[in-house]
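Chains as they are written, first to last, in the numbering used here: chain S, 31 to 343; chain Z, 6 to 294; chain H, 14 to 348.
Hints may contain errors.
Stated by the list, open to error - Over the 12 Å line for every Cβ pair with chain Z, so calculated as not near, a few chain S residues:
1. V49
2. P61
3. V67
4. Q75
5. L144
6. L179
7. T206
8. S298
To be verified - Using C-beta positions, here's what the derived DEER-type ranges look like:
9. Z/A27 to H/R102: 37 to 43 Å
10. S/E253 to Z/A190: 51 to 57 Å
11. H/I282 to Z/L204: 51 to 57 Å
Quick caveat, the hints were computed from the structure, so don't treat them as lab data. Using N, Cα and C, we set each Cβ at its ideal position, and we do this for glycine too.
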Amino acid sequence: MLRYLLNRLVGLVAVMFLVATIVFVILRLTPGDPAAVMLGPQASQQDIDTLRARLGLDQPLPMQYAAWMGQLARGNLGQSIFLDQPVLAALADRAEPTFWLTLMSLAIASAIALPVGILSAVRRGTALDQSVVTFSMFTSSVPSFWLGLLLMQIFSVKLGWLPVAGYGGPDAGIATRLSHLVLPAIVLGLVNSALITRFIRASMLDVLRDDYVRTARAKGLPERKVILKHAARNALIPILTVLGLTTALLVSGAVVTETVFGLPGVGSLVVSAVLRRDYPVIQGALLVIAAIYVLINLFIDLLYLLVDPRVRY
Amino acid sequence: MAIAITSGPGAERWQVLRLLVARKTVLASLIVLAVLVAAAALAPWISPFDPYKLSIMSRLQAPSTAHWFGTDDFGRDVFSRVIHGGRLSLLVGFLVVLLSGMLGIALGLVAGFFRGADKVVSRLIDAMMAFPDILLAIALVAALGPSLLNVVIALGIVYAPRLARVVRASTLVIRELPFVEAARALGVPTRRIVTVHVLRNLVSPILVQGTFIFAYAILAEAGLSFLGVGVSPDIPTWGTMINAGQQYMGSADWIMVFPGIAIVLSVLSLQLVGDGLRDVLDPRLRKEL
Amino acid sequence: MGASQRDIILAVDGLKTWFHSRDGVARSVDGVTFDLARGETLAIVGESGSGKSVTSLSIMGLLPKPAGRIEAGSIHFRDRRGATHDLARAPAATLRRIRGAEIAMIFQEPMTSLNPLYTVGDQIAEAVLQHEGGSRAAALQRARDMLERVEIPAAARRVHAYPHQMSGGMRQRVMIALALACNPSVLIADEPTTALDVTVQAQILDLLRRLQAESGMSILFVTHNLGVVAEIAHRVAVMYAGRVVEDAGVHELFERPTHPYTRGLLSCIPTAALLASRQRLQPIPGNVPSVLDLPPGCTFAPRCALAEPACTRAVPELAAVRDAHLARCIKVTPQ
Numbered sequence: 031m032l033r034y035l036l037n038r039l040v041g042l043v044a045v046m047f048l049v050a051t052i053v054f055v056i057l058r059l060t061p062g063d064p065a066a067v068m069l070g071p072q073a074s075q076q077d078i079d080t081l082r083a084r085l086g087l088d089q090p091l092p093m094q095y096a097a098w099m100g101q102l103a104r105g106n107l108g109q110s111i112f113l114d115q116p117v118l119a120a121l122a123d124r125a126e127p128t129f130w131l132t133l134m135s136l137a138i139a140s141a142i143a144l145p146v147g148i149l150s151a152v153r154r155g156t157a158l159d160q161s162v163v164t165f166s167m168f169t170s171s172v173p174s175f176w177l178g179l180l181l182m183q184i185f186s187v188k189l190g191w192l193p194v195a196g197y198g199g200p201d202a203g204i205a206t207r208l209s210h211l212v213l214p215a216i217v218l219g220l221v222n223s224a225l226i227t228r229f230i231r232a233s234m235l236d237v238l239r240d241d242y243v244r245t246a247r248a249k250g251l252p253e254r255k256v257i258l259k260h261a262a263r264n265a266l267i268p269i270l271t272v273l274g275l276t277t278a279l280l281v282s283g284a285v286v287t288e289t290v291f292g293l294p295g296v297g298s299l300v301v302s303a304v305l306r307r308d309y310p311v312i313q314g315a316l317l318v319i320a321a322i323y324v325l326i327n328l329f330i331d332l333l334y335l336l337v338d339p340r341v342r343y
Numbered sequence: 006m007a008i009a010i011t012s013g014p015g016a017e018r019w020q021v022l023r024l025l026v027a028r029k030t031v032l033a034s035l036i037v038l039a040v041l042v043a044a045a046a047l048a049p050w051i052s053p054f055d056p057y058k059l060s061i062m063s064r065l066q067a068p069s070t071a072h073w074f075g076t077d078d079f080g081r082d083v084f085s086r087v088i089h090g091g092r093l094s095l096l097v098g099f100l101v102v103l104l105s106g107m108l109g110i111a112l113g114l115v116a117g118f119f120r121g122a123d124k125v126v127s128r129l130i131d132a133m134m135a136f137p138d139i140l141l142a143i144a145l146v147a148a149l150g151p152s153l154l155n156v157v158i159a160l161g162i163v164y165a166p167r168l169a170r171v172v173r174a175s176t177l178v179i180r181e182l183p184f185v186e187a188a189r190a191l192g193v194p195t196r197r198i199v200t201v202h203v204l205r206n207l208v209s210p211i212l213v214q215g216t217f218i219f220a221y222a223i224l225a226e227a228g229l230s231f232l233g234v235g236v237s238p239d240i241p242t243w244g245t246m247i248n249a250g251q252q253y254m255g256s257a258d259w260i261m262v263f264p265g266i267a268i269v270l271s272v273l274s275l276q277l278v279g280d281g282l283r284d285v286l287d288p289r290l291r292k293e294l
Numbered sequence: 014m015g016a017s018q019r020d021i022i023l024a025v026d027g028l029k030t031w032f033h034s035r036d037g038v039a040r041s042v043d044g045v046t047f048d049l050a051r052g053e054t055l056a057i058v059g060e061s062g063s064g065k066s067v068t069s070l071s072i073m074g075l076l077p078k079p080a081g082r083i084e085a086g087s088i089h090f091r092d093r094r095g096a097t098h099d100l101a102r103a104p105a106a107t108l109r110r111i112r113g114a115e116i117a118m119i120f121q122e123p124m125t126s127l128n129p130l131y132t133v134g135d136q137i138a139e140a141v142l143q144h145e146g147g148s149r150a151a152a153l154q155r156a157r158d159m160l161e162r163v164e165i166p167a168a169a170r171r172v173h174a175y176p177h178q179m180s181g182g183m184r185q186r187v188m189i190a191l192a193l194a195c196n197p198s199v200l201i202a203d204e205p206t207t208a209l210d211v212t213v214q215a216q217i218l219d220l221l222r223r224l225q226a227e228s229g230m231s232i233l234f235v236t237h238n239l240g241v242v243a244e245i246a247h248r249v250a251v252m253y254a255g256r257v258v259e260d261a262g263v264h265e266l267f268e269r270p271t272h273p274y275t276r277g278l279l280s281c282i283p284t285a286a287l288l289a290s291r292q293r294l295q296p297i298p299g300n301v302p303s304v305l306d307l308p309p310g311c312t313f314a315p316r317c318a319l320a321e322p323a324c325t326r327a328v329p330e331l332a333a334v335r336d337a338h339l340a341r342c343i344k345v346t347p348q
């Protein structure tokens, strides 16, 4: 098992290396002078030159790359051009809403997908099953920002049940903050539940055909126990992977949703950085988010060790 | 449902089509798609108004018999804008499928065939897929500059790894099959084996994945345009229209509702067709092999 | 043992189990009748597709829903308290109560019949807790005892093992332990040794014989292997295309088979005498009919050397050839 862990860690390092390289490459793809683009057409040549020197853009490319990697190794993600803050600090400041939003969306998506997926598998071929499949496909076809605007209009503006936008201000307590996340989380959770539903349904259909399900029935166990304790527990093991994939989708969705609902999270930070051409922030955000995703996948693989005795022994 | 498999590749294609339209949801989706594509293609001829024509007098009118979808804040007919927007949104989707297809197939084939390259390419694919789609697309568009072409390039790069994975997996399987070995034994050059045999067997998974990428691309472009980081706001795509309609939520909902419905219809139909294709082609794929 | 002296615990009469699908109706079981006495082992023999597995699944109420359904017939079972139930018509709750506790079943594939996520002990204990209640500790103790009874070495340790840590033969012993944990009066064994190699097969058969002697339970043994039948059965019911065609004591069947199908089966077995005489094996000509399209009257008629027009006109009755020996053939029994 130790060998397995070691292998995974080596792979992780390799992927992170590539990720850092890709981030480096992306922002060097800019046609023309990045510094000039960043400062806009109004900037003076002097400002442009200062910025270029500051970002090390006047060095030859291999040296820039080495500098970038060296910088990363020391945990320095650079300095934001417009925020007057180190990138890492800016990200840390804005991490909280995004974290809670992703978590809540994942919970809502799972809460929808689990019963729906299991039920449609157990009642396979019936009208219920067919409508579940079509419904989940429908929800994944809706643009999250559009749904967000619609629901915001209905529930926040017209009905006043939930706060309209923002995060509650700097002094708001945790309850207020979370209440601002309810609508965005419902939007994201709903739109992203389809993948999990489909997976659970497929997994359950496979498992229900397995012999040990027949053995469980032969023991005289009530059907509910057969489905939940025997079938579902086996079917849900591969779900961990889907949850990992969904997390990536949710972070993607968070970018747009935060903008719609005015949440001061990492997603909206990235959007404003893009609009302002704050390259260091864009780079840093990409890197951190990719790193977190890779770590989440590693964590899921470790979870498999815990959950499936076949892997453990 | 017993259908006699007649010989010849042409006959098989018809059978696939027949099996496909046998399912009502797929048939309905194909019809919807056909209507949308036709409307988009024929937009300059069938749109009742000029989508760019400003008319201060007819600002913010609710849907009526004259303006089916109402007018926006500049007095432009929303229906005309929606079908013109469809031209761009669907075109972007289609081009993204082409680009990601070419990149993905190339990468996937190389990784599947050449073990040395596979190690590098696989890790590259993993690294690319470590970035959430929209984020990567945003960064690429930020780097390249906001334009329709760059959105296509960015999304093509974002979705290529998905296709590459599927192609790589299929290639690895097909490579080991007896008929490929036989061809190699006969002295057929690898390039020829790849192009003729492997690609022919890849048509099915690529077709299925491609349909889904089309759907994701439409959603992604709309998202990018909505955020203002995609095409510039004065170009009418479904995403920019929703962005423009934001401030009129509650007063002139129709400006943003109808483009959204258009998105839902196209993405849903594409997904249903893709699902149908997957069901129809999968067991047949095994039979073909 | 004359028929009137047998203490019948399970009586199947005219059972018909059909499967409804888009391709038509598959009459997998189309008129099966037999009795199982207390302490007796009845072997149900037939080729694949003869309906023997479906028969056992029908008795247990484990038919795949909604496709499979008992169309006609009865399955009378006398439970521990002496009450008789018709399992073909009993409510689901009654069937669940009887399943596992009074009638238990073991299957052909020991490798996949146990849940990989729970320990072997937990799975046995689950059955005990379901039917008898009590504490988990007591149930686990029973699990340990059962593992010892089925001769699994180091039972105390193995109780906490996972299925994938055991071999096929051991897993089948676990299945037997699981089935017998609540002391059922009937054990249905559906080809339990087919997936095991020959030496393990012999051990499992020995084990079953011993357990039967100890507990007095009845065994319904489904198999296609006549050798196994000779080893373990007291009585034999031969099935063909969904019906019982011959029903006799094991010695009687092997020495004086009457139904043309049974005779055909027995003559297919290579024996030392046959090999010595250098004669060719005589296979039964033709093929087993599809359950979707059974021939009228006697289903064996198309392949039978003794067939005459009367055979296809009506389904022959299962009638007595001799004392305690039944056959479904008008050429062999007085109709």
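These are the hints, each one checked on the structure:
Not every beta carbon of chain Z lies more than 12 Å from that of S/V49, the smallest distance being close to 5 Å; the non-interface claim is violated. Some Cβ of chain Z comes within 12 Å of the Cβ of S/P61; the nearest lies about 7 Å off, and the non-interface call is violated. Its beta-carbon lying about 8 Å from the closest one in chain Z, S/V67 breaks the requirement of being farther than 12 Å from that chain. S/Q75, annotated as away from the interface, keeps every beta carbon of chain Z farther than 12 Å; the closest lies near 21 Å.
For S/L144, the non-interface assignment is confirmed: its Cβ lies about 21 Å from the closest Cβ of chain Z, beyond the 12 Å cut-off. The non-interface label for S/L179 is inconsistent with chain Z: the shortest C-beta to C-beta separation is roughly 6 Å, within 12 Å. Separation of S/T206 from chain Z is adequate, the least Cβ-Cβ distance of about 24 Å exceeding the 12 Å criterion. With a least beta-carbon separation of about 10 Å from chain Z, S/S298 fails to lie farther than 12 Å from that chain, contradicting its non-interface assignment.
Take Z/A27 and H/R102: their Cβ atoms lie about 39 Å apart, and the range 37 to 43 Å holds. Distance hint check: the CB atoms of S/E253 and Z/A190 are about 56 Å apart, consistent with the given range 51 to 57 Å. Against the hinted window of 51 to 57 Å, the Cβ-Cβ separation of H/I282 and Z/L204 comes to about 55 Å, which satisfies the hint.
The structure shown violates the earlier hints numbered 1, 2, 3, 6 and 8.
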